[in-house]
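Enquirer: Whenever a hint applies, use it, and build me the whole structure from the sequences.
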Amino acid sequence: MPGAMAPAVAATGLELGATVFEAQCAACHVGGGNIIRRGKNLKSKALERNHVDTLELVKQLVIEGKGNMSAYGDRLTEAEIDAVSAYVLAQAAAGWPGN
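In case it helps, UniProt numbering puts the sequence shown at residues 1 to 99.
The set of hints was computed from the structure by calculation and includes no laboratory data. Where hints are given, some of them may not hold.
Stated by the list, open to error - Cross-link-like lysine-lysine pairs, in silico, DSS-like; alpha carbons within 27 Å at most: (1) Lys66 / Lys40; (2) Lys45 / Lys59; (3) Lys66 / Lys45; (4) Lys59 / Lys40; (5) Lys59 / Lys43; (6) Lys43 / Lys66.
Expert: Right, here's the structure in full:
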């Protein structure tokens, strides 16, 4: 399939995403939840309801922030933003396993 990532590349990106998530996001979004605003969690239904359910929209939210969520565009590299955004969507699709 054209444009598809090789499994090793995809796994590496998700590993980076998990690392960035733990360092930057997990304090408020542990297990895909939200300790500040319950309805603004990272579960699939909430992402859809809040219109943040595509890679581009998650990336925009990470870069710009919104409401109580800080912007990370000046703190993270483009690769880190891509990786953490993909990680959030993958975890949401899997139901935040282990949580």
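Enquirer: Quick check: which numbered hints come out false for this structure?
Expert: none
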